[in-house]
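What follows is each chain in one-letter form.
There are 2 protein chains.
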Amino acid sequence: MAELWNQDPRTALRVDADFDLTALDRSSTPGFAGGKSEAKSLMVAHGELLSELQERLYARGRTGGDERVLVIVQGLDTSGKGGIARHVMGMVDPQGVSLRSFGVPTEEEQAHHYLWRIDNALPKPGQIGLFDRSHYEDVLVVRVDELVPREVWEPRFDEINEWEKNLVDGGTRVLKFALMQSYDEQARRLMERLDRPDKRWKYSLSDLKTREKWDDYQLAYADVFKRTSTDYAPWYVLPADHKWFARLAVTEILTRVMIEMDLRWPAPDWDPAEQRRLLAETMSSELLAESLAETRGVVQEAIDAGVDVNLEAIELLTARSNKTVRNAAVAEVKARRAVLEADLAKTLADKREVLESKSPELAEAYDEAAYGKGKKSDG
Amino acid sequence: MAELWNQDPRTALRVDADFDLTALDRSSTPGFAGGKSEAKSLMVAHGELLSELQERLYARGRTGGDERVLVIVQGLDTSGKGGIARHVMGMVDPQGVSLRSFGVPTEEEQAHHYLWRIDNALPKPGQIGLFDRSHYEDVLVVRVDELVPREVWEPRFDEINEWEKNLVDGGTRVLKFALMQSYDEQARRLMERLDRPDKRWKYSLSDLKTREKWDDYQLAYADVFKRTSTDYAPWYVLPADHKWFARLAVTEILTRVMIEMDLRWPAPDWDPAEQRRLLAETMSSELLAESLAETRGVVQEAIDAGVDVNLEAIELLTARSNKTVRNAAVAEVKARRAVLEADLAKTLADKREVLESKSPELAEAYDEAAYGKGKKSDG
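Which chain is which? The protein sequence lines are A and B, in order. Counting from 1, position 174 in the first sequence corresponds to residue 174 in the UniProt record's numbering; the numbering is continuous, with no gaps. Counting from 1, position 248 in the second sequence corresponds to residue 248 in the UniProt record's numbering; the numbering is continuous, with no gaps.
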């Protein structure tokens, strides 16, 4: 399905030096050749991949790893920020996700530097953090509403770049998404909130006041893109008149970035064979024999599933690379599979040995079931 | 599908005065007549219902409502607490969920009363909070490991009851689930964590030490159930050798409790008609006409979907009630539908009037499309 993208979404949507917000068609789907139904299928497929990658990130965080991901979502009212939280983050284990939304600063927050509340909300190791609005409000609403003079907000662009650089250097991937809907589409969505009794709670009396300042916000956003899209923390500008496209784009870019993190399962700093022996002491021989009989199937299935994830990841990232690059990546996955299968063989031998020490009869029965009657005499 | 439960799961699983933990069959599925595949289908169906109810709870919280839900999950290592977070909470909008897990207290936490860190983690209005472990650790591990003497932990039962009573009186529903697996099943699951390279990160060297104290924990849990299962915050003890059953049971009980909260969409304290007029001033006549043309379909669909949710909820709660009770509930839903449809009629009339003030031609075209050519002359 990767061919639905005729360009890597990270390239198609990233702000570059020539970016011109005024020229953006907000109902377009840059780089994507499919429609809504293709987008939904792709999202389900890559959502599963994303979920796998997220579990690895989480596992690494739980065992001393320092990597984390921060997804920043900006956009005006009704642009679909909440839908990103719900439909993209909703695809992964909620235990590994930290959602934060930033409204008008509280009194306590106002008493601090504008980055103070942001610092306090950063994802922990192994987490994907999602910010619904962020420190960019301090160069957007703060600028448009003239809450502070230009000489205060203007230096913030450089300050934010420096702050994000530190974050990235410390092991956090920073992804910034701007959901850009058209002026007409916003009216349609606000009207729907007014019309539907189950959506009126989403409407705020301040929405129209913000809408009045539409042009000022567009200028402020254009400056944000120009001044704060960096190599280490680029902006992706998503045309957002089609909600399905914005959701797909975030899923696709996040998935690709997480693939590039090359997340592997953490290795324990203790010996599984020793723990297995200790655990076996608390088990009956029958229970251990039962567990041994299931081991090959269970572990092989897990290895195969992991290999599938890795191959799918390679396919996604090397969709436009030459065959040599792809073949090298596939060969590495196969080498890793061989290591895991050697580990499985050792696991089986260890477990069998423990079983034999508890019950030679059950160990023999295992051999017969696993290798057939003739094994011992053949060997 | 409700007939798969031959008893309300809240009754089947709730700790009553006669409850005897030693007699619990941990591979049983009390009250549930189906197997794994029926459980999974039921969970998907009721997960959607739960998600709808959660959105209403969230909407109420965002508009001044005070209701919240706290789900406490307790259980020993490998009992499936994380699976509840992932598979039950994973079905609803992550923005409305607050997950917290409680490990060994930090130095700061230890310097405070044991309920301090719990108080700090309570769900906010409109949220469903999930605690993976909780203040019950302070009468479980603390007791088993003799971290404090009996005269310190024993009074905590009463203190916890009082604290939970205050919580409930303040508008929080408190649901307590204990996942009770068998001793053998724990060994099987620990062994799998040792065998699978992708699960080893879940294993901890302390797991076997805790397992050694299995009997002490069972006694401590039995006392927890005896002393802290109250009318306002009952314990549900879930046999957890089948993970699918424990997940289903939490989904089913949570859904029923949220149905009983009778969550309705909050009504705005502003006038939609006035906001609509103001919004229309920022729209072209053509855009407004387009929006008007879609209104009936969009709003009617939302009304119908809401009615379906309410009817499904009634079916679930009155599965074992008599026909009179059910009919009364259905009649009330129909009355609420009529109110919403009257609101829709007013919305259509209001919008048409605004359109007429902007463009009599487009208003006339709307009339013709909506009511047929003859309407004006007939009327």
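Take these hints with a grain of salt, some might be off.
[To be verified] Per the computed footprint, the stretches of chain A lying under chain B, defined by three or more beta-carbons under 8 Å from a beta-carbon of chain B, are:
| no. | segment |
| --- | --- |
| 1 | 76 to 89 |
| 2 | 192 to 200 |
| 3 | 297 to 304 |
| 4 | 357 to 363 |
For the record, the hints were derived by calculation from the structure and aren't laboratory data. Heads up, the beta-carbon is just placed ideally off N, CA and C, and yes, glycines get one too.
*Failing hints, ascending?*
4
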